[in-house]
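Colleague: Residue strings, one per chain:
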Amino acid sequence: MNITKFLFSALLLFTVTLVSAQDDLMKELDSVPNAKQPSSSAFKALQVCNMQSTKMASKNEWYFLVSHRFGDLKEGINNFFGLDNALTRIGGIYGATGWLSLGVSRHTYNKTFELSVKYRVANQYENGFPVTIVGYNTMDINGSKFDKVLYPEFKLTNRLAFSSQLLISRRFSDAISFEINPVYIHKNLYDIQPDTESKDLFVVGLGGRCKLSKRISLNLEYAARMNPKEQEYYHNPLTVGFDIETGGHVFQMVFSSSQPMNDISYFSNTTGKWDGGGSIYFGFNMYRAF
Amino acid sequence: MKTIKLIILAAIGTFVTSCDSNTYSEISGFTAMPTYEANIKPIMVAQCTSCHSANGTEPGSPLENYQEVVDYAESISCRIDGQDCGLMPSSGRIPQVQIDMFNLWVAQGFLQQ
Numbered sequence: 022m023n024i025t026k027f028l029f030s031a032l033l034l035f036t037v038t039l040v041s042a043q044d045d046l047m048k049e050l051d052s053v054p055n056a057k058q059p060s061s062s063a064f065k066a067l068q069v070c071n072m073q074s075t076k077m078a079s080k081n082e083w084y085f086l087v088s089h090r091f092g093d094l095k096e097g098i099n100n101f102f103g104l105d106n107a108l109t110r111i112g113g114i115y116g117a118t119g120w121l122s123l124g125v126s127r128h129t130y131n132k133t134f135e136l137s138v139k140y141r142v143a144n145q146y147e148n149g150f151p152v153t154i155v156g157y158n159t160m161d162i163n164g165s166k167f168d169k170v171l172y173p174e175f176k177l178t179n180r181l182a183f184s185s186q187l188l189i190s191r192r193f194s195d196a197i198s199f200e201i202n203p204v205y206i207h208k209n210l211y212d213i214q215p216d217t218e219s220k221d222l223f224v225v226g227l228g229g230r231c232k233l234s235k236r237i238s239l240n241l242e243y244a245a246r247m248n249p250k251e252q253e254y255y256h257n258p259l260t261v262g263f264d265i266e267t268g269g270h271v272f273q274m275v276f277s278s279s280q281p282m283n284d285i286s287y288f289s290n291t292t293g294k295w296d297g298g299g300s301i302y303f304g305f306n307m308y309r310a311f
Numbered sequence: 069m070k071t072i073k074l075i076i077l078a079a080i081g082t083f084v085t086s087c088d089s090n091t092y093s094e095i096s097g098f099t100a101m102p103t104y105e106a107n108i109k110p111i112m113v114a115q116c117t118s119c120h121s122a123n124g125t126e127p128g129s130p131l132e133n134y135q136e137v138v139d140y141a142e143s144i145s146c147r148i149d150g151q152d153c154g155l156m157p158s159s160g161r162i163p164q165v166q167i168d169m170f171n172l173w174v175a176q177g178f179l180q181q
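Note that the protein sequences, when read in sequence, are chains W and L.
Sequential numbering of the first sequence, starting at 22, is according to our numbering.
Sequential numbering of the second sequence, starting at 69, is according to our numbering.
Source of the hints: derived by calculation from the structure; they are not laboratory data.
Predicted model only: the values in this text are computed from it and were never measured.
Heads up, some of the hints might be wrong.
[Claimed, not checked] Pairs of lysine-lysine, DSS-like flavour, derived with a Cα cap of 25 Å:
1. W:166 x L:109
2. W:80 x L:109
3. W:166 x W:235
4. W:176 x L:109
5. W:132 x L:109
6. W:250 x W:220
7. W:250 x W:169
8. W:57 x W:80
9. W:250 x W:294
10. W:220 x W:95
11. W:235 x W:176
12. W:166 x W:220
[To be verified] Non-contacting residues of chain L with respect to chain W, defined by C-beta distances greater than 10 Å in every case (computed):
13. 89
14. 114
15. 117
16. 132
17. 141
18. 152
19. 164
20. 174
21. 180
[As the list claims (entries may be wrong)] Some chain L residues judged to face chain W by a derived CB distance under 10 Å, without partners named:
22. 161
23. 166
24. 175
25. 179
Ideal Cβ positions, reconstructed from N, Cα and C, are used throughout, including at glycine.
Using the sequences and the hints, build the whole thing.
Modeller: Next comes the structure, spelled out in structure tokens:
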């Protein structure tokens, strides 16, 4: 008797589900399929390695981010491969709408507060517009102490520096994406070493992503400074990284010639280099979405 | 939506152009007769003592008072220059004006006051 009852209930439930499933199917038939769908984003994480990718935070999505760049790798065991002199970035990003997100982060380097705004101007479409274009602006506030004795002519506006960036990416296939970023940097305080940098700098950043497996991709980025000072004090940053997707967050491991992570210092004040016994820094970016 | 974007762009554009720039040399003070109390101590406090002090991560080479700085002066000169020794501080080379002032202080015989 019990078995008959059980079977009967199961059958009833099954029929109900079947009917509602048919309803869904009917709905799908009714709606006109969208002719043009935006391509899925070219990059999985908000950063390629250190520079911004064209991926945006979704509406009302919060990101908590922590990044580290450890000290000079080539010093070896003396500083435990960089553990002793790590730089930290900690911050958050909020997706106000699908096309606009706002961020704030604090960097160890120069005690910098970085405010950022990221806005999508155009989207890449399957068989449509070929690239995704995103605008990105950052404002750095140098939080270092400027001693009155050492810096008698210091003004409050000297704390500020700005970057304006255009991020243009194209997803060529499921596995391969590229990005090119024209960048303009303006600093209100510069040239910590005489004749090493200018107040205005143009940079062209290049980035790429190649998927190695379902959860891992290899990323590479390089930035060429268009009008550097002649003196070879700063170098063009070159960074290689791996995206590792875990459940709730993307974990990025990077090897970079730049230890500072704020965009302005990254593009203009990279002191390490990959060749000629230069310094290389290991680090990671970790994003957690809420 | 388009209007908001334009407003944001205009605001940022204004911000960028409305600020004038200075070099570190322009805002720095330089004296021809640097003394420990007036000129060298502020450099040490700003750049060195967060690690090089009894409570820092380098308590073996403290740079907290006149005598300690005098004792390590030769090594400091070499380290802040970074050509022949490992560069200090590890966060990057300090402004050239401060390096020049330190070397001048050494050359003039470590004036205290």
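Colleague: Hint by hint, say whether it matches the structure.
Modeller: Now the hints, each set against the structure:
1. W:166 x L:109: OK: residue 166 (chain W) and residue 109 (chain L) at ~15 Å, within 25 Å.
2. W:80 x L:109: This hinted pair is violated, its Cα atoms lying about 51 Å apart.
3. W:166 x W:235: Status violated; Cα separation ~47 Å.
4. W:176 x L:109: holds, 22 Å
5. W:132 x L:109: holds, 21 Å
6. W:250 x W:220: Measuring from Cα to Cα gives roughly 11 Å; hence the hint holds.
7. W:250 x W:169: violated, 29 Å
8. W:57 x W:80: holds, 21 Å
9. W:250 x W:294: holds, 17 Å
10. W:220 x W:95: Violated: residue 220 (chain W) and residue 95 (chain W) sit about 31 Å apart, past 25 Å.
11. W:235 x W:176: Violated. Residue 235 (chain W) to residue 176 (chain W) sits at ~51 Å, over the 25 Å cutoff.
12. W:166 x W:220: Given that 25 Å is the threshold and the Cα spacing comes to 21 Å, the pair holds.
13. 89: Its Cβ does come within 10 Å of chain W, the nearest being 4 Å, so this is violated.
14. 114: violated, 6 Å
15. 117: Since the minimum Cβ distance to chain W is about 13 Å, residue 117 (chain L) lies beyond 10 Å and the statement holds.
16. 132: Its Cβ never comes within 10 Å of chain W, the nearest being 16 Å, so this holds.
17. 141: About 19 Å separates residue 141 (chain L) from the closest Cβ of chain W, which puts it past 10 Å; holds.
18. 152: holds, 15 Å
19. 164: Non-interface label fails for residue 164 (chain L): nearest chain W Cβ at 5 Å, not farther than 10 Å.
20. 174: Residue 174 (chain L) clear of chain W: closest Cβ-Cβ about 18 Å, beyond 10 Å.
21. 180: Given a closest Cβ separation of 16 Å, the condition holds.
22. 161: Result: holds, 6 Å to nearest chain W Cβ.
23. 166: holds, 7 Å
24. 175: Interface hint status for residue 175 (chain L): violated (19 Å vs cutoff 10 Å).
25. 179: With a closest approach of 15 Å, the residue 179 (chain L) hint is violated.
Hint violations for this structure: numbers 2, 3, 7, 10, 11, 13, 14, 19, 24, 25, all remaining hints satisfied.
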